[in-house]
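*Asks:* Whenever a hint applies, use it, and build me the whole structure from the sequences.
As a plain string of letters, each chain reads:
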Amino acid sequence: MRHRSLASFGVLLVAIAVIAVATHRVAGQTAAPASGKPAPAAQGTKKWTAPRTPDGQPDLQGYWTNSTYVPLERPDKVTKAFYTEQEFAAVVKDAAAREAEQTEPGTVADVHYDFTQFGLDRSQSAFVKSDLRTSMIVDPPNGKMPPLTTEGQKRAADRAAERRRAGATTDAVQNMPVGTRCLIMAGSGPPMMNAGYNSNYQIVQGAGYVMILVEMIHDARIIPIDNRASLPDNMRQWMGDSRGHWEGDTLVIETTNLNGKNPFRGSSEKMKVTERISRLDANTLSYRFTIDDPATWSAPWTAEAPMTKSVGPIFEHACHEGNYGVRNTLAGARREEKEAAEAAAKKTSN
Amino acid sequence: MRTGFRAPLLAAATLAVVFGVMPGAAQAPYRAARAADGKANLNGIWQALNEAEWDIEGHSAAPGRVQALGAEDAVVPGLGIVEGGPLPYLPAAAAKKKANFEKRLTSDPEIKCYLPGVPRAMYLPQPFQIIQSQKHIMMAFQYGGAIRTIYMDEHTDAPADSWMGWSNGHWEGDTLVIDTTGFNDLSWFDRAGNFHSDALHVVERITPASADLLNYEATIDDKKVFSRPWKISMPIYRRKDKGARLLEFRCVEFVEDLVYGALRKPGTRAQQ
Chain A
69 MRHRSLASFG
79 VLLVAIAVIA
89 VATHRVAGQT
99 AAPASGKPAP
109 AAQGTKKWTA
119 PRTPDGQPDL
129 QGYWTNSTYV
139 PLERPDKVTK
149 AFYTEQEFAA
159 VVKDAAAREA
169 EQTEPGTVAD
179 VHYDFTQFGL
189 DRSQSAFVKS
199 DLRTSMIVDP
209 PNGKMPPLTT
219 EGQKRAADRA
229 AERRRAGATT
239 DAVQNMPVGT
249 RCLIMAGSGP
259 PMMNAGYNSN
269 YQIVQGAGYV
279 MILVEMIHDA
289 RIIPIDNRAS
299 LPDNMRQWMG
309 DSRGHWEGDT
319 LVIETTNLNG
329 KNPFRGSSEK
339 MKVTERISRL
349 DANTLSYRFT
359 IDDPATWSAP
369 WTAEAPMTKS
379 VGPIFEHACH
389 EGNYGVRNTL
399 AGARREEKEA
409 AEAAAKKTSN
Chain B
793 MRTGFRAPLL
803 AAATLAVVFG
813 VMPGAAQAPY
823 RAARAADGKA
833 NLNGIWQALN
843 EAEWDIEGHS
853 AAPGRVQALG
863 AEDAVVPGLG
873 IVEGGPLPYL
883 PAAAAKKKAN
893 FEKRLTSDPE
903 IKCYLPGVPR
913 AMYLPQPFQI
923 IQSQKHIMMA
933 FQYGGAIRTI
943 YMDEHTDAPA
953 DSWMGWSNGH
963 WEGDTLVIDT
973 TGFNDLSWFD
983 RAGNFHSDAL
993 HVVERITPAS
1003 ADLLNYEATI
1013 DDKKVFSRPW
1023 KISMPIYRRK
1033 DKGARLLEFR
1043 CVEFVEDLVY
1053 GALRKPGTRA
1063 QQ
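Residue numbers (this note's numbering), protein chains in the order written: chain A, 69 to 418; chain B, 793 to 1064.
Hint data in this document are derived by calculation from the structure and do not stem from the laboratory.
Honestly, I wouldn't trust all of these hints.
Restricting the straight-line Cα-Cα distance to at most 20 Å, the calculated cross-link-like pairs of lysine to any residue (SDA-like) are [claimed, not checked]:
# : chain 1 : residue 1 : chain 2 : residue 2
1 : B       : 927       : A       : 351
2 : B       : 1057      : A       : 234
3 : A       : 145       : A       : 127
4 : B       : 904       : A       : 234
Chain A is faced by these chain B residues, among others (derived, beta-carbon under 7 Å) [stated by the list, open to error]:
#  : residue
5  : 835
6  : 906
7  : 925
8  : 930
9  : 1013
10 : 1048
11 : 1055
For each residue, glycine too, the CB sits at the ideal point set by N, CA and C.
*Replies:* Shown next as structure tokens:
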């Protein structure tokens, strides 16, 4: 495997998010049918039998990636749930070209290195090629999040006002996105979204637990497989409190007790996330999640983002320890302010 | 006082049970509970219970680093976990250890929420969890979300240096032996400034001693810093608290103003 950089690319991550590769993408998905739309049938393959761990659990272990070009919401101009293979190929080609654009000298101002040089972009790494969906969201059937509740709208407005009040992202580290600060990234969730790069996971199963190691910021989700109670309501965490159980060969994870500091698309801390993970075949995991947050959305909604086999090992992502991005961004802004002040003083004295 | 006389006996009896030792009676070695694959089962939530975090060598109580924190920041005394001693520092390294100690308030990587390295992760005063499969044994630490992956097959050399090192493991009977290299030179062993270089080589031996006790020992070799290899040893206990689980100690958030505060725009308000 390509060894990923030890340094933090938090700032780069933000850049990738902004570039927002116009994702559409692929797939002869054999996963669970979504919202009445029959999934394409497995093509001429014999029935898959999920392997078992020595203690008899369905075996989800291995290295996986959810790197994808499929957007959470269906693009406005798209009216169907699946692309054809040809359409998908075109979408990937277009997206890969956009990712590569940064490498062309002079095409993006002030970028002196970029992720394509490190093989971090999606098109150079393993990504999910079997998913032809036009959106991750499968319910509602239009591929869009349900309308925000009045409370959800007010919260979004309040958060925007608070960001404006706090000032520029370059004023203080606390004004920066949580990913840039190496606090948490999209890959951890829950729900676990593709992180733009390094969207890699390692699943290890021990007695009574399933552990999902998220490469980004070495976040380990440790899911107890028992009927324990959730944490008391006053105990809140960035990744919440997750508890799992098996339904047949599907691992079902329920998460509550989120601290609300890393809202997912405007969610509240009352959000409950239910994730369902199962093996579709040797190389594919079905990953489906339902967001239930009546304080934010008028109805629960569900999305699918399958994972494909990746290569290991997963190397240490010491994000905070190597976070020169935050330091340099702040130092650069202070320097610019100082120079501007000196220039203004000079102008006045002239 | 009479009742006071019985308490030590009771304590000794309790200890004997905890440590699986029957005084005066020869006993077969403890046979560990089995995981589903037949190996010793190390799964669980564990924690060392000692004062090595302050100083891996034996040390008396001492004032803390921050006067305002008073007794809460004071050094808790401990017998240490180093076998023999003192630590065999090379002359230049001994001077560096002394300098580290003097500037420990600003230089200890733990102050900045950096990854703890090995073996420090094993005796931090926070729990860790072992998730054991055949190919990988994971150690997940509450402190900073640190992670160790022990590769039980497909042993390779460290592909690059890292904070937590590169660990290859194998079983010798019921003992998990972990050979770890590929460290950077940035982590410390404790708050007293004991340190290592990127030549650090740690060989750990973890042996179940009873259902709730692991015997832990490690040989530390670092030719750039020490004149000979040396050993640490300590028990590690199972956390038996009802509903025991790792909680988040995502400490980056707590050190942002410490690390970046000097670069904050003048006039903006620091976080509480």
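*Asks:* Are the hints correct? Go through all of them and say.
*Replies:* The hints, checked one at a time:
Of the supplied pair hints, the one linking residue 927/B and residue 351/A holds, its CA atoms being roughly 18 Å apart against a limit of 20 Å. A distance of roughly 11 Å separates the Cα atoms of residue 1057/B and residue 234/A; the hinted pair therefore holds under the 20 Å criterion. Annotation: proposed proximity of residue 145/A to residue 127/A is violated, straight-line Cα distance about 40 Å (limit 20 Å). Our distance criterion of 20 Å between C-alpha atoms is broken by residue 904/B and residue 234/A, whose separation comes to about 24 Å.
Because the closest C-beta pair between residue 835/B and chain A is about 5 Å apart, less than 7 Å, the hint holds. A distance limit of 7 Å between C-beta atoms decides the matter here; for residue 906/B the minimum to chain A is near 5 Å, and the interface restraint holds. Hint status for residue 925/B: holds, given a least beta-carbon distance of 5 Å to chain A, under 7 Å. Checking residue 930/B against chain A by beta carbon gives a least distance of about 5 Å; that is within 7 Å, so the hint holds.
Below 7 Å, beta-carbon pairs count as interface contacts, and residue 1013/B has none with chain A, the closest being about 21 Å; its hint is therefore violated. Residue-level restraint check for residue 1048/B holds (minimum Cβ-Cβ distance to chain A is 5 Å; threshold 7 Å). Hint on residue 1055/B holds. Least Cβ distance to chain A is approximately 4 Å, under the 7 Å limit.
Hint compliance for this structure: hints 3, 4, 9 are broken, all remaining hints hold.
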